[in-house]
Amino acid sequence: IFYSVTHEAIHRTGISGVFFCLQSLDAPASMDQFKFRMGLTARVVRQRVVFHPWLVPFLGKPVYSVVRGLLDRQPDRPALAKMEGMLRFYQQGNCLPLEQDWPACLSDRRGELLEGLNI
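The sequence shown begins at 19 in the working numbering and counts up one residue at a time.
Derived by calculation from the structure, the hints in this document are not laboratory data. Some hints here could point you the wrong way.
Straight-line alpha carbon distances no greater than 16 angstroms define the calculated EDC-like cross-link-like pairs of lysine to aspartate or glutamate that follow [stated by the list, open to error]:
1) 100 <-> 90
2) 79 <-> 102
3) 100 <-> 44
Label pairs and their calculated CB-CB ranges [claimed, not checked]:
4) 20 <-> 121: 17 to 27 angstroms
5) 29 <-> 68: 34 to 44 angstroms
6) 84 <-> 22: 35 to 45 angstroms
7) 21 <-> 100: 34 to 44 angstroms
8) 84 <-> 45: 16 to 26 angstroms
9) 22 <-> 80: 44 to 54 angstroms
10) 29 <-> 59: 32 to 42 angstroms
The structure presented is a predicted model; accordingly, all values stated were derived computationally and were not measured. Built from N, CA and C at the ideal position, the CB exists for glycine as well.
When you get a sec, could you build the whole thing from the sequences and use the hints?
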């Protein structure tokens, strides 16, 4: 279905590209490989997770470490995977782009892409 819809859309007059989705909170690396095999390319988009200010004091690195440990012991729990992803994105969003972890699919171009951000 994905291929058919994308193929049809890209061949319409006036359509020059297709946006598929932002990086998932918990998608495995194999998802990126699937997208690349379909001919998609990665682009830099800064994503952030923002929590209610009342929750922020409880969402530091110790809480992330506990959630990460639980997920390591119970990898089949989707709720833990989403929670780990939200906390990871939240913490990364509070860092400067120079300090952030980059997705593997963009890490080899990190220097070039950071230059384009003029920081």
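Structure-based check of all given hints:
1. 100 <-> 90: Holds. Residue 100 to residue 90 sits at ~13 angstroms (cutoff 16 angstroms).
2. 79 <-> 102: Given pair residue 79, residue 102 holds - Cα atoms ~11 angstroms apart, limit 16 angstroms.
3. 100 <-> 44: Measuring from Cα to Cα gives roughly 6 angstroms; hence the hint holds.
4. 20 <-> 121: 17 to 27 angstroms: holds, 20 angstroms
5. 29 <-> 68: 34 to 44 angstroms: This hint holds: roughly 38 angstroms between Cβ atoms.
6. 84 <-> 22: 35 to 45 angstroms: holds, 43 angstroms
7. 21 <-> 100: 34 to 44 angstroms: Taking Cβ atoms as reference, residue 21 and residue 100 lie about 27 angstroms apart, which means the hint is violated.
8. 84 <-> 45: 16 to 26 angstroms: holds, 22 angstroms
9. 22 <-> 80: 44 to 54 angstroms: Since the Cβ atoms of residue 22 and residue 80 sit about 47 angstroms apart, the hinted range of 44 to 54 angstroms holds.
10. 29 <-> 59: 32 to 42 angstroms: violated, 18 angstroms
The structure is inconsistent with the numbered hints 7, 10, although it conforms to all the rest.
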